[in-house]
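Generate the whole structure from the sequences, applying the supplied hints.
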Amino acid sequence: MHVVNQTSTQLILRHFPLRAWVLSGSLLTTMIVLGLLLIQGGQRTTLDCRRSVPDQGNCRLLVGVPGRDPLADQTIPLTEIAEAEVQTFTTGAVAKGAEETYTVLLLTPTRKISFQSLQSSRAEAEAVVSRINQFLQNPSEQILTLTYRHNTFSWRLDSGFVVLLLLVGVPALVLLLILVSAESQILTYTFDKTQGQLTIKAKGIFGQRVEQFPLHEIGPALAEISYSGLPLILPNTPIATAGTIHINFDLKCQIALKSFFS
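Each residue of the sequence shown is one higher than the one before, counting from 32 in our numbering.
Hints in this document: simulated from the structure, not taken from any laboratory.
One should not assume that every hint holds.
The calculated lysine to aspartate or glutamate pairs, modelled on DMTMM-like cross-linking and capped at a C-alpha distance of 25 angstroms, are [to be verified]:
(1) Lys-283 x Asp-223
(2) Lys-143 x Glu-130
(3) Lys-143 x Asp-104
(4) Lys-143 x Glu-111
(5) Lys-143 x Asp-79
(6) Lys-143 x Glu-116
(7) Lys-143 x Glu-114
(8) Lys-143 x Glu-157
(9) Lys-283 x Glu-248
(10) Lys-224 x Glu-242
(11) Lys-143 x Glu-131
(12) Lys-283 x Glu-242
(13) Lys-289 x Glu-248
(14) Lys-143 x Glu-172
(15) Lys-224 x Asp-281
(16) Lys-234 x Asp-223
(17) Lys-224 x Glu-248
(18) Lys-289 x Glu-242
(19) Lys-289 x Asp-223
(20) Lys-143 x Asp-86
Next up, the structure:
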């Protein structure tokens, strides 16, 4: 809390809860990051190949989140897919221990189509390539369906997880938001001898509230302030009994108050 303005007839104090605002910002950031991770965790790529006769058929490559419109959807004739292969990507300097990641590509005469995003396991990528090539080389096999989950943290976003998140996570976040909003109010105290009243403005996330109290009922208690340096809460005053706002002043503001009422 700090002194905004002080004259012989008016004293304005303001409390800005920095810690509460930092917590609010951290909470909001956490919610955004969690939402993005959940969206990423639910996204998947599906390769669905169907062969009607030995030399005819199509492969459908679908990218998206189940239950929503696909982000990408393309159909590739089976006759255009020559084979699948693993492509290796190297990141970092070799001298510092370069890391290799892998992705699965479908090869056609004109382009390379990515099926899986980067993988940290070459064995996993090679197993997928082997399965695709086995289907391409076996005319009697009619259906091949492979699904790759884009799980950055290997989360399994199934119905059970979603239900648990809704039942536990959402109410907990709402409760925490309510608690933080109550503690993050910007409080402005205006002591005015001309009007003979104390005006308290509490501005928070959900709006602003203004309360007024007779200054003659507050002044005597404030005039008896001792310079203890401890937070000051006034009992048996209209402010304390209102049940909504309590005065809580630090030493610097206590000195300003004593000077104002002396």
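Right, here's what the structure says about each hint:
| no. | hint | in the structure |
| --- | --- | --- |
| 1 | Lys-283 x Asp-223 | 19 angstroms, holds |
| 2 | Lys-143 x Glu-130 | 23 angstroms, holds |
| 3 | Lys-143 x Asp-104 | 16 angstroms, holds |
| 4 | Lys-143 x Glu-111 | 11 angstroms, holds |
| 5 | Lys-143 x Asp-79 | 17 angstroms, holds |
| 6 | Lys-143 x Glu-116 | 10 angstroms, holds |
| 7 | Lys-143 x Glu-114 | 10 angstroms, holds |
| 8 | Lys-143 x Glu-157 | 17 angstroms, holds |
| 9 | Lys-283 x Glu-248 | 22 angstroms, holds |
| 10 | Lys-224 x Glu-242 | 16 angstroms, holds |
| 11 | Lys-143 x Glu-131 | 20 angstroms, holds |
| 12 | Lys-283 x Glu-242 | 24 angstroms, holds |
| 13 | Lys-289 x Glu-248 | 15 angstroms, holds |
| 14 | Lys-143 x Glu-172 | 24 angstroms, holds |
| 15 | Lys-224 x Asp-281 | 22 angstroms, holds |
| 16 | Lys-234 x Asp-223 | 20 angstroms, holds |
| 17 | Lys-224 x Glu-248 | 12 angstroms, holds |
| 18 | Lys-289 x Glu-242 | 22 angstroms, holds |
| 19 | Lys-289 x Asp-223 | 14 angstroms, holds |
| 20 | Lys-143 x Asp-86 | 21 angstroms, holds |
Consistency with the previously given hints is maintained throughout, with no hint failing.
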